[in-house]
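Chemist: The listed protein sequences derive, respectively, from chains E and L. According to this note's numbering, the residues represented by the first sequence are 1 to 438, in order. According to this note's numbering, the residues represented by the second sequence are 1 to 310, in order.
Just so you know, the hints here were simulated from the structure itself, not pulled from any lab data. Note that the coordinates shown come from a computational prediction; the quantities given were computed from them, not determined experimentally. All residues carry an ideal CB built from backbone N, CA and C; glycine is no exception. A couple of the hints might just be wrong.
[To be verified] In silico DSSO-like pairs for lysine-lysine, Cα to Cα no more than 30 Å straight-line: (1) L:K135 with E:K18; (2) L:K7 with E:K219; (3) E:K17 with E:K219; (4) E:K19 with L:K129; (5) E:K432 with L:K17; (6) L:K128 with E:K18; (7) E:K18 with L:K88; (8) L:K193 with L:K224; (9) L:K135 with L:K7; (10) L:K129 with E:K219; (11) L:K88 with E:K219; (12) L:K10 with L:K71; (13) L:K193 with E:K219; (14) E:K432 with L:K10; (15) L:K71 with E:K19.
[Said to hold, decoys possible] These stretches of chain L come out as covered by chain E in the derived footprint (C-beta under 8 Å, 3 or more residues): (16) 113–126; (17) 210–219.
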Amino acid sequence: MNKTWIVAQREFNSRVKKKTFLLSTILFPLLIFGFYALMIYFSVKGNDDLRIAIADRANVFNGKLESDKEVKFEFVNDTSRASLDQKVAKKEFSGYIFIPANYNPLSSDTMNVFYNKTIGMISQERIERRVNKLLEQKRLLALNITQTQLDSARRSSEVEFKPISGEKDKNKAGLSYAVGFISGFLIYIILFIYGTMVMRGVAEEKVTRIAEVIVSSVKPFQLMMGKIIGIGAVGLLQFIIWILLGTVTMAVIPLLTGGDASAAQNIPGGAGAMATAAQSGAGSAFMAVMDQINFALLLPCFLFYFLGGYLLYSSLFAAVGSAVNEDPQDAQSLILPITLPIIFGIVIMTKAVNDPTSNLAIFGSLFPLTSPVVMMARIAHGVPDGVSALELVLSMVFLVAGFLFTTWMAGKIYRTGILMYGKKPTWKEMWKWAFRNH
Amino acid sequence: MNILEVKHLKKYFATQKAVDDISFTLAEGSIFGMLGPNGAGKTTLIRMLTGITFPDEGEIIFNGRPLDPVKDIGLIGYMPEEKGLYKKMKIGEQALYLARLKGLGKLEAMERVREWFTRFEMQSWWNKKVEDLSKGMQQKLQFVTTVLHQPKLIILDEPLSGLDPVNADLIKREIFRLAKEGASVIFSTHRMKEVEEICDHIILVNKGHKVLDGTVKEIKQLYKQNLFSISVDNIPATINTSAFKVVKQEADQLLVKVQEGHIPNEVLQYFLAAGVNIHSFQEQLPSLHDIFIRVVEDTPTARQFEKITA
Numbered sequence: 001m002n003k004t005w006i007v008a009q010r011e012f013n014s015r016v017k018k019k020t021f022l023l024s025t026i027l028f029p030l031l032i033f034g035f036y037a038l039m040i041y042f043s044v045k046g047n048d049d050l051r052i053a054i055a056d057r058a059n060v061f062n063g064k065l066e067s068d069k070e071v072k073f074e075f076v077n078d079t080s081r082a083s084l085d086q087k088v089a090k091k092e093f094s095g096y097i098f099i100p101a102n103y104n105p106l107s108s109d110t111m112n113v114f115y116n117k118t119i120g121m122i123s124q125e126r127i128e129r130r131v132n133k134l135l136e137q138k139r140l141l142a143l144n145i146t147q148t149q150l151d152s153a154r155r156s157s158e159v160e161f162k163p164i165s166g167e168k169d170k171n172k173a174g175l176s177y178a179v180g181f182i183s184g185f186l187i188y189i190i191l192f193i194y195g196t197m198v199m200r201g202v203a204e205e206k207v208t209r210i211a212e213v214i215v216s217s218v219k220p221f222q223l224m225m226g227k228i229i230g231i232g233a234v235g236l237l238q239f240i241i242w243i244l245l246g247t248v249t250m251a252v253i254p255l256l257t258g259g260d261a262s263a264a265q266n267i268p269g270g271a272g273a274m275a276t277a278a279q280s281g282a283g284s285a286f287m288a289v290m291d292q293i294n295f296a297l298l299l300p301c302f303l304f305y306f307l308g309g310y311l312l313y314s315s316l317f318a319a320v321g322s323a324v325n326e327d328p329q330d331a332q333s334l335i336l337p338i339t340l341p342i343i344f345g346i347v348i349m350t351k352a353v354n355d356p357t358s359n360l361a362i363f364g365s366l367f368p369l370t371s372p373v374v375m376m377a378r379i380a381h382g383v384p385d386g387v388s389a390l391e392l393v394l395s396m397v398f399l400v401a402g403f404l405f406t407t408w409m410a411g412k413i414y415r416t417g418i419l420m421y422g423k424k425p426t427w428k429e430m431w432k433w434a435f436r437n438h
Numbered sequence: 001m002n003i004l005e006v007k008h009l010k011k012y013f014a015t016q017k018a019v020d021d022i023s024f025t026l027a028e029g030s031i032f033g034m035l036g037p038n039g040a041g042k043t044t045l046i047r048m049l050t051g052i053t054f055p056d057e058g059e060i061i062f063n064g065r066p067l068d069p070v071k072d073i074g075l076i077g078y079m080p081e082e083k084g085l086y087k088k089m090k091i092g093e094q095a096l097y098l099a100r101l102k103g104l105g106k107l108e109a110m111e112r113v114r115e116w117f118t119r120f121e122m123q124s125w126w127n128k129k130v131e132d133l134s135k136g137m138q139q140k141l142q143f144v145t146t147v148l149h150q151p152k153l154i155i156l157d158e159p160l161s162g163l164d165p166v167n168a169d170l171i172k173r174e175i176f177r178l179a180k181e182g183a184s185v186i187f188s189t190h191r192m193k194e195v196e197e198i199c200d201h202i203i204l205v206n207k208g209h210k211v212l213d214g215t216v217k218e219i220k221q222l223y224k225q226n227l228f229s230i231s232v233d234n235i236p237a238t239i240n241t242s243a244f245k246v247v248k249q250e251a252d253q254l255l256v257k258v259q260e261g262h263i264p265n266e267v268l269q270y271f272l273a274a275g276v277n278i279h280s281f282q283e284q285l286p287s288l289h290d291i292f293i294r295v296v297e298d299t300p301t302a303r304q305f306e307k308i309t310a
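Just chain E, same shape as in the assembly (with noise of 0.2 Å):
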């Protein structure tokens, strides 16, 4: 046990001490934020600037058509639609509607959008949007109908879901849905980082033939346990940071935002009053939604599910490792039969978060190879409503009984494979060399 200490101690120190491990600790989520961030914004933000002419012969918008910011309309006198063509051509205008005066709107002619630089779905979906509300409006008046009696017909009757014990909790599936599939991911993202992780450094001590020297002074089992609870202990590290991270920002932003109230009360007259209440409302409503999240359940089950997941597969990751030789695509066929359960993980764990209670959802939170990926979705919705406490006790004693096992199975392997040279050994191989007694 202490000479997997001190080899802990060295893998944990190698990568801590390198200069790189505190910049790629704050740039990685720095950098996943960000690309999200990006994707967001563009996919958001349409095409800018797009002008649309409309030559209304029929008069059937009457010039109502409005703009905004990213289309912008505007009526036009042309007759016809060439010289409605020359003006797009030399880009007065994006595109054009030319609607000729024997236009019906209550027929189901259709209108054409003519234009000459590609126009992006969204951008289309808005004039579509625009054009056909304005054209309904329309059809109505012509029908006799108005306005508010289509309103009232339409006038949707709330429907509102309430448990049949207790209060009801609004918006605490939304935020269930999201902590759930946020914690989910993570655990996967983790899972293939670090096991990565120690099955490159196991491959890099076969190939650079350091193993033979280790194992010649501590059992094989003890270094890749070292090097598995060294790497984790990296990790564990690195989320702390993270939590860190995050709960000072998290405490930071009322901060800076109080300032900004204040300063809105500075402005004389109700505008800063009705924005100081409508900020503080917003606040109190979000504390109040985060309240309803058992934390306090949440966070000891993650670090359990990271741990246990961490460590049933990063013994697999190991023993893959230690089956490799010089050629690293050797690894790429080996660790398939590996990421195929935590891709599945991830697969149900979508569906889980939606429905917890579905027997997809309890078979892949109790299946030790996908249950750390899987059971954060369900925890999140709380005890008794996401999952059964016998189910979460369940699912804990699997999955410690599955780590117990690759690890066992995976320390087999790679005590063979570490001292072996030469081809790549197929699983069959690897097979026996697990379940072999020696």
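Starting from the known structure of chain E, fit chain L onto it as the hints suggest.
Modeler: Leaving out everything else, chain L in the frame of chain E:
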């Protein structure tokens, strides 16, 4: 006392009898040469001696008791043929780490590392990384890490390959010194010259079997062909005797083979009787190199794969 007794050791793999019934003993403080062509089973044998793998059959008695890898690991130092170190790790830290894995405490490890680094004039390397070292320097470092913990049994697989003569001599001197201080050394190599210089006792392994066992002197006697070289000032035109046969003739030197049932003195008597001046007379023992080749050539050099049912 024998530090190591190996009795009927066997290790079979799926397609090869890697080690097939090998026994030998190693006296304390001796330097023991383990020779054999590539693939003879030396590495497999060594791995069993270091407790890395377990024999299928047979017994290893280390220090008077059956080898217990967990306990005895700290008394054995092993330098594998394929040298390996962590490329990105600082040299001082690496030596400390390997010493601590052998069971040394932090302070003791530090003291030993400093002592050896001074002895090998490696102090300035402390904060360098292994990837900055030349191959020969890496080998020196590897040797240091092998003997840091003062093992009773040191197993060196090709420790001198790739070293320049100066550094090779340095390592050789250390091997002699360690043996003098009581450590026993198993020295595995293909270079017969090194063996003749260093080893007291050798075994030759081929195809999983031990084919030779003895001191260098004994083995040479065993394989001697009764060849003598004699140099005289005037070689008689015709040599006619039943006592010996001329094998090779040069300007003033003859290589003669003493025939069965005769003794070397008869060669001298013949030339004395012929009335020529004798400058020198010397027995020509075969070199280990020749013996090695003779023994190994009787069998195909490349091992064939076979199906083992054990």
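Chemist: So, for every hint listed, does it hold in this structure?
Modeler: Okay, the hints, checked on the actual structure:
1. The suggested pairing of K135 of chain L with K18 of chain E holds, with an alpha-carbon distance near 25 Å, which does not exceed 30 Å.
2. Of the supplied pair hints, the one linking K7 of chain L and K219 of chain E holds, its CA atoms being roughly 24 Å apart against a limit of 30 Å.
3. A distance of roughly 26 Å separates the Cα atoms of K17 of chain E and K219 of chain E; the hinted pair therefore holds under the 30 Å criterion.
4. Between K19 of chain E and K129 of chain L the alpha-carbon distance is near 15 Å, which keeps this suggested pair within the 30 Å criterion.
5. Distance restraint check for K432 of chain E and K17 of chain L: the Cα-Cα separation of roughly 19 Å lies within the 30 Å cut-off, and the hinted pair is therefore satisfied.
6. As the CA atoms of K128 of chain L and K18 of chain E are separated by approximately 15 Å, the hinted pair is consistent with the 30 Å bound.
7. Note on K18 of chain E and K88 of chain L: the hinted pairing holds, with a Cα-Cα distance of about 10 Å set against a maximum of 30 Å.
8. A C-alpha spacing of about 18 Å is found between K193 of chain L and K224 of chain L, which places the hinted pair at or below 30 Å, so the restraint holds.
9. At roughly 37 Å between alpha-carbon atoms, K135 of chain L and K7 of chain L are farther apart than 30 Å, so this suggested pair is violated.
10. With a CA separation close to 26 Å, the supplied pair K129 of chain L and K219 of chain E stays within the 30 Å bound.
11. Taking the CA atoms of K88 of chain L and K219 of chain E, the gap is near 23 Å; set against the 30 Å cutoff, the hint holds.
12. Proposed proximity of K10 of chain L and K71 of chain L is supported: the alpha carbons are some 23 Å apart, at most 30 Å.
13. Distance hint between K193 of chain L and K219 of chain E is unfulfilled; the C-alpha atoms sit about 36 Å from each other, more than 30 Å.
14. A distance of roughly 21 Å separates the Cα atoms of K432 of chain E and K10 of chain L; the hinted pair therefore holds under the 30 Å criterion.
15. For a cut-off of 30 Å, the pair hint linking K71 of chain L to K19 of chain E is broken: about 38 Å separates their Cα positions.
16. Counting residues of the region 113–126 of chain L whose beta carbon lies closer than 8 Å to any beta carbon of chain E gives 0, which falls short of the minimum of three for the stated coverage.
17. Chain E is given as covering the region 210–219 of chain L, and this is violated because 0 residues of the stretch bring a CB closer than 8 Å to a CB of that chain, at least three being needed.
Comparing the model with each numbered hint stated earlier shows that hints 9, 13, 15, 16, 17 do not hold.
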